[in-house]
Amino acid sequence: MLTPPLMWFLVVYIASLVALLITAFFSVNSLTGNIIYQWTWANFSQIFTQSVYGEIILRTLIMAVLVTATDAVIALPFAFFIAKIAQRRVRQAFLALVFLPLWASYLARVYAWINILSNHGVLPDFERHVGLPITNLAYTNTAMWIVFSYLWLPFMIVPIYGAFERVPDSYLEASSDLGAGSWFTFRRILFPLILPGVVAGSIFTFSLTLGDFITPLLIGGSNSNFIGNAIYDSAINGGDLPFAAALAFVSIAIMAIYLFLARAAGAFDAL
Amino acid sequence: MKLSRLSRGVLALLSVLVVLFLLGPLLVIVLFAFDKSNVQSLPIEHWTTHWFAVAFDDPAVRSALWLSVKAGLAATAIALILGTLVAFGIHRFRFFGRDTISLMLVLPIALPGIVTGLALQSAFNLTHIDLSIYTIIVGHATFCMVVVFNNVVARLRRTSTSLIEASSDLGAKPAQTLRLITLPMLKTALIAGGLLAFALSFDEVIVTTFTAGAQNTLPLWIFGAILRGQQLPEVNAVVVFVLILTVAPIAYAARISSGEGFLRSSESK
Numbered sequence: 001m002l003t004p005p006l007m008w009f010l011v012v013y014i015a016s017l018v019a020l021l022i023t024a025f026f027s028v029n030s031l032t033g034n035i036i037y038q039w040t041w042a043n044f045s046q047i048f049t050q051s052v053y054g055e056i057i058l059r060t061l062i063m064a065v066l067v068t069a070t071d072a073v074i075a076l077p078f079a080f081f082i083a084k085i086a087q088r089r090v091r092q093a094f095l096a097l098v099f100l101p102l103w104a105s106y107l108a109r110v111y112a113w114i115n116i117l118s119n120h121g122v123l124p125d126f127e128r129h130v131g132l133p134i135t136n137l138a139y140t141n142t143a144m145w146i147v148f149s150y151l152w153l154p155f156m157i158v159p160i161y162g163a164f165e166r167v168p169d170s171y172l173e174a175s176s177d178l179g180a181g182s183w184f185t186f187r188r189i190l191f192p193l194i195l196p197g198v199v200a201g202s203i204f205t206f207s208l209t210l211g212d213f214i215t216p217l218l219i220g221g222s223n224s225n226f227i228g229n230a231i232y233d234s235a236i237n238g239g240d241l242p243f244a245a246a247l248a249f250v251s252i253a254i255m256a257i258y259l260f261l262a263r264a265a266g267a268f269d270a271l
Numbered sequence: 001m002k003l004s005r006l007s008r009g010v011l012a013l014l015s016v017l018v019v020l021f022l023l024g025p026l027l028v029i030v031l032f033a034f035d036k037s038n039v040q041s042l043p044i045e046h047w048t049t050h051w052f053a054v055a056f057d058d059p060a061v062r063s064a065l066w067l068s069v070k071a072g073l074a075a076t077a078i079a080l081i082l083g084t085l086v087a088f089g090i091h092r093f094r095f096f097g098r099d100t101i102s103l104m105l106v107l108p109i110a111l112p113g114i115v116t117g118l119a120l121q122s123a124f125n126l127t128h129i130d131l132s133i134y135t136i137i138v139g140h141a142t143f144c145m146v147v148v149f150n151n152v153v154a155r156l157r158r159t160s161t162s163l164i165e166a167s168s169d170l171g172a173k174p175a176q177t178l179r180l181i182t183l184p185m186l187k188t189a190l191i192a193g194g195l196l197a198f199a200l201s202f203d204e205v206i207v208t209t210f211t212a213g214a215q216n217t218l219p220l221w222i223f224g225a226i227l228r229g230q231q232l233p234e235v236n237a238v239v240v241f242v243l244i245l246t247v248a249p250i251a252y253a254a255r256i257s258s259g260e261g262f263l264r265s266s267e268s269k
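These protein sequence lines are chains A and B, in that order.
First residue of the first sequence: 1, per my numbering; consecutive thereafter.
First residue of the second sequence: 1, per my numbering; consecutive thereafter.
FYI, nobody ran anything at the bench for these hints, they're computed from the structure.
Warning: the hint list may mix true and false statements.
Here are some of the chain A residues that sit facing chain B, going by a computed Cβ distance under 8 Å [what the hints assert, rightly or not]:
1. 25
2. 231
3. 244
Over the 12 Å line for every Cβ pair with chain A, so calculated as not near, a few chain B residues [as the list claims (entries may be wrong)]:
4. 13
5. 15
6. 47
7. 62
8. 73
9. 79
10. 107
11. 122
12. 130
13. 167
14. 179
15. 186
For clarity, every value in this text was computed on a predicted model and none was experimentally measured.
Quick reminder that beta carbons are idealized off the backbone N, C-alpha and C, glycines included.
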């Protein structure tokens with residue numbers, strides 16, 4: 001019963017990852033553009049010696065951390081409210097409203113923000129209308145930070161909500177019966193219990209930011225090259241598949257380190 | 001934890017703001033699709049469905065739509081078969097390496113999409129397979145499988161196996177049990193999983209970028225048009241069409257499956 005799906009997975013997916021690793025050690029003939037099937041470390045040494053790639057990797061990491069932190073800060077009070085305070089019907093309605101953008105077309109959501117932030121978009125128009133100073137966010141890193149946070153927010157809310165829901169109300173009652181204030185209860189009882197949910201959400205926000213090239217291309221400015229863009233440029237525009245493959249291994253390595261740290265923090269045990 | 005009325009009120013207000021933040025942009029994009037002007041802005045002065053007609057008459061949009069539908073249906077069919085088989089295998093039997101298999105299945109979603117896309121492209125390149133609709137389908141089926149698996153395994157966990165055992169004890173052949181007991185039991189989970197898989201495939205752009213070659217699926221057409229900054233009112237209509245096609249099956253799937261297996265991967269379990 002398991003044989004056909006496992007064969008598919010091994011032949012298609014695992015074999016492709018191996019192909020990616022092998023390709024990362026090939027190179028491209030700069031005249032003909034053909035791939036030279038000979039073992040070389042050139043791609044990796046280029047990534048680690050040219051400072052431009054260091055900058056790209058650092059920029060991507062900073063954005064991933066910023067977006068993850070922003071989404072966690074927004075998701076925590078929201079998930080707490082729907083899990084522990086809201087009445088059943090409000091909870092169901094709010095959950096449905098979170099699932100809607102989680103599944104709604106990615107491109108539609110990015111395009112919406114182009115219409116909001118561009119120079120004659122909804123936001124500057126509104127500011128002109130009411131006489132506020134105009135925020136020129138179009139094609140900036142700030143715009144990218146807002147849009148990424150928007151795009152991945154539901155991925156953070158859902159696991160945190162799940163974690164809150166699993167905490168029995170009696171724990172909170174016991175804490176307050178023993179004289180703890182609500183801030184103390186949150187910090188010492190609730191937060192440690194829902195931390196695995198936050199880490200689970202952060203795996204999504206981190207991985208999704210790391211692999212995106214569309215939002216930086218459409219929302220970001222001239223100085224917004226991410227790892228995803230470098231991969232896209234090499235593979236699609238530059239015709240240098242081996243170099244793109246080497247870059248992809250940088251993002252795999254970052255995700256692997258992140259997952260390892262998450263696991264060391266005990267986040268997987270509670271999932 | 002006793003919260004004052006003030007803090008409850010503040011939390012409620014914050015939560016309403018979060019919902020507005022999540023839904024506002026979607027509302028903007030839907031409204032703009034009906035704006036008659038070439039350059040969209042609020043308030044909308046003249047309403048029209050003109051841009052939908054323009055988009056639907058555009059041969060490039062039509063061929064992209066057709067390719068997306070074909071690839072989506074084929075990927076969904078493969079994902080339904082393979083995803084259901086894995087769910088049964090993992091649920092029914094305990095065996096060495098079971099956890100490894102569950103973990104492996106999540107990889108296409110846990111790793112950045114660009115990695116999956118580029119890995120597939122590298123494999124097609126090494127094996128000299130030309131990029132075509134088939135390479136798109138292979139890529140989509142691989143990550144859609146996880147969605148079907150999640151839905152079916154969630155259903156299997158909630159239903160007892162005693163019905164299936166009773167059926168065979170009473171002398172039903174395996175095919176009869178499958179047709180009369182197992183499939184009706186799984187029906188809504190399969191429909192929900194299939195709808196979610198199709199929606200995921202229909203909207204996918206990152207993996208597709210690396211597996212489509214020269215041809216355009218609908219999301220690739222949208223991406224290209226936005227990048228060039230051309231035909232924007234038409235893009236708007238197409239984007240809303242895709243939005244409806246991704247949201248409608250989700251709403252239906254949520255109703256028939258009461259929300260089980262609903263996160264885009266199995267991370268929540």
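Going down the list of hints, with the structure as the test:
no., hint, in the structure
1, 25, "11 Å, violated"
2, 231, "6 Å, holds"
3, 244, "6 Å, holds"
4, 13, "10 Å, violated"
5, 15, "4 Å, violated"
6, 47, "17 Å, holds"
7, 62, "18 Å, holds"
8, 73, "18 Å, holds"
9, 79, "10 Å, violated"
10, 107, "7 Å, violated"
11, 122, "4 Å, violated"
12, 130, "15 Å, holds"
13, 167, "18 Å, holds"
14, 179, "17 Å, holds"
15, 186, "14 Å, holds"
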